[in-house]
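2 protein chains.
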Amino acid sequence: MPPLPQGYRLSGIFCGIKKKVDKLDLSLIVSDRPASAAGVYTQNLVFAAPVALDRARTPGEGFRVVVINSGNANACTGDRGLGDAVEMARLAGAVVGASGEEALVMSTGVIGNFLPMEKVATGIQMAAAQLGTSDAHLDAAGRGILTTDSGPKIASRSLTLGGREIRITGLCKGAAMIGPNMATMLGLVFTDANVPSADLQRLLTAAVDRSFNCISVDGHMSTNDTVLVLANGAAGGSPLSGADLAAFGKSLTELCAEIARMIPADGEGCTHIVTLDITGCASAEAARTIARSVADSPLVKTAIAGGDPNWGRIVSAAGYAGIPFDPAKVGLRINHVELYRSGAPIPFDDPAVAKTMRENREVHVELSFGEGSDSIRFWTTDLTAEYVRLNADYRT
Amino acid sequence: MPPLPQGYRLSGIFCGIKKKVDKLDLSLIVSDRPASAAGVYTQNLVFAAPVALDRARTPGEGFRVVVINSGNANACTGDRGLGDAVEMARLAGAVVGASGEEALVMSTGVIGNFLPMEKVATGIQMAAAQLGTSDAHLDAAGRGILTTDSGPKIASRSLTLGGREIRITGLCKGAAMIGPNMATMLGLVFTDANVPSADLQRLLTAAVDRSFNCISVDGHMSTNDTVLVLANGAAGGSPLSGADLAAFGKSLTELCAEIARMIPADGEGCTHIVTLDITGCASAEAARTIARSVADSPLVKTAIAGGDPNWGRIVSAAGYAGIPFDPAKVGLRINHVELYRSGAPIPFDDPAVAKTMRENREVHVELSFGEGSDSIRFWTTDLTAEYVRLNADYRT
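Sequence lines, in order, name chains A and B.
Counting in the working numbering, the first sequence runs from 1223 upward without gaps.
Counting in the working numbering, the second sequence runs from 1223 upward without gaps.
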């Protein structure tokens, strides 16, 4: 791993929120100086207490710490849950000599249960005692936020702006193979760039629109989905602006896309990761809506699991997305072979395309429209019998 | 079966569109006198040729015959497909001494292939030679429209209006276990009531909103979905109006709901049929949108397959439906046991509820909102590993 952004220390520990001792369940990310912060949150009307807390605080300045627990989502817990989130922020602030208002909180795991606050308090103390900047610290922080993920999802970027090195690191969690309780997606990005919170919010929103909003496993939006970004300015210099700010935003988007893609890629039950390129649309939003309709169709997902270049399922899933288009201008390629052109199927070597699908975990689908010049890249999984088994039979 | 509506004759035959000789693949429904007709069609932008033809002709008067083939959907077939649908209508009209404009057409099956018009022409001749009014004729007509269905889906109603007996019979097709190509849903209702086409269209639209629009297997809207209704007035009397028309409409809705429900109930791979009652909403449309979000969530569907009373998956699926509601007013019952009240889970006998889910094919879910007085009843299936196997592995 490249070096961490300057001015941050991290840790991840086990404090008994989860049942298994070999799993970490609490992470702390501390900025040694006040950082600006921005956030993007679930649009679910049923949202968890930490979402309520962070949403009220971001975008904003002066944050010193983020505390994240796994194993309990603190969702559907009412006023007591909100009080627990506030207390969790206070405890995290206290260990770095800051107020509760200078902390942000994320939770993921079982919903409908109250947080075990004694364990959380002990855990925050333990995590504070183990803060550091090594690869091992980053790895531990990455593990403390996981639920059913097979391993930590971490990536870094660095770029030089105005002669200064800017570093960005991101962690996320979320499993293609959705666990027993929730499909929560959490992301935390931290950078030593100097970016005021208003700019940071604008750049994060744009980055999420090309990354975390472009992945789908099963279309189920959770109560806890959150992506936060911290920028502490430890790299030095005045606030980024103009071309430098744009370059930082581009790097942030690339980083978010890199870690977001790890979510659908992490499905043990999944046998394919599908990259959908939706091109020639009137807007990126239109392209994303079509992508989501195709990505969430069980008929498309099972066809891909079965290695079937089934153009009919893909084209018809686009047709009910609710986005207007001229069907006579639609084209489709799977693994770079053209199957459909100008609104009609064309002859292709079906067994050869099926073979490329069966023999590769990566599948590339390009669906083109003649409606404009906007496009989106979207990632999803196939749907396998193993997915169903894991999500139906976990009680037995 | 009760007697057919007066003035209709039916048949269903095999003419070689399907490969298997033991499956019927063409049905004819003839009205001995001109009938009014109404239709409701797929909203998919990619729609089949018969949909284009029927949509242009309904609502309208003077129809004599409906011809339906299975095994080939005549979809994604361009101008030649539209010409074939027009020719199919002409052939069906000709055998009853009517013009092509007096016929309606439906097709279901494989998409992207041209109709085998010689077989269709021969089939229409064969079907015309076998028209009749017995239970066997009705059964054959019901079988000629099927694809992966396990058997015909037929129901009848009768009611007395103004001293006259009115009969209504409906056929439909559509399989919970979606076949290799399309999840097409077709419905045909015919009655001897005297109802002008404008009234018929209004009543059909309302009936479909409470029946065929309230079922979901996998949320994939096909290129061919069509529901038609014919009313030939053979029961006698002047056009229905006022309370009589409303009573007819109520009966039409009940009949449509009865046959529509047979679609999710017909899943070999499915182990549960789920009745969703969404109550206390500001509008029926809002209730239906929430129902669809819950019904299409793979996490909800797999939980039901696994016999898990997972309130979190159900409540959170409602939360991302895009319909505003106050989460603090939400309540949930599964199999009449209360799990969630005023926006929070409540203690319940989890193993007992799980047992009722495991031991019964029928599952009842009631999700209540404090937003208004409108409600909807919606039917869906669970999601099983067998569903995935059938839809992924059919090539091998």
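Simulated from the structure, these hints should not be mistaken for lab results.
Fair warning: there could be bad hints in the mix.
Because identical chains share one entry, a pair is satisfied inside a single copy or across any pair of copies.
[Claimed, not checked] Keeping only pairs whose Cα atoms sit at most 30 Å apart, straight-line, the calculated DSSO-like set for lysine-lysine is: (1) 1577 / 1241; (2) 1341 / 1242; (3) 1241 / 1551; (4) 1577 / 1242; (5) 1577 / 1551; (6) 1577 / 1472; (7) 1551 / 1242; (8) 1341 / 1245; (9) 1341 / 1472; (10) 1577 / 1341; (11) 1341 / 1241; (12) 1245 / 1551; (13) 1242 / 1472; (14) 1241 / 1472; (15) 1472 / 1245.
Hints versus structure:
| no. | hint | in the structure |
| --- | --- | --- |
| 1 | 1577 / 1241 | between (43 Å within a copy, 26 Å between copies) |
| 2 | 1341 / 1242 | within (14 Å within a copy, 65 Å between copies) |
| 3 | 1241 / 1551 | neither (55 Å within a copy, 33 Å between copies) |
| 4 | 1577 / 1242 | between (41 Å within a copy, 28 Å between copies) |
| 5 | 1577 / 1551 | within (28 Å within a copy, 52 Å between copies) |
| 6 | 1577 / 1472 | neither (36 Å within a copy, 53 Å between copies) |
| 7 | 1551 / 1242 | neither (54 Å within a copy, 36 Å between copies) |
| 8 | 1341 / 1245 | within (15 Å within a copy, 65 Å between copies) |
| 9 | 1341 / 1472 | neither (40 Å within a copy, 59 Å between copies) |
| 10 | 1577 / 1341 | neither (52 Å within a copy, 34 Å between copies) |
| 11 | 1341 / 1241 | within (12 Å within a copy, 65 Å between copies) |
| 12 | 1245 / 1551 | neither (51 Å within a copy, 36 Å between copies) |
| 13 | 1242 / 1472 | neither (39 Å within a copy, 57 Å between copies) |
| 14 | 1241 / 1472 | neither (40 Å within a copy, 55 Å between copies) |
| 15 | 1472 / 1245 | neither (34 Å within a copy, 58 Å between copies) |
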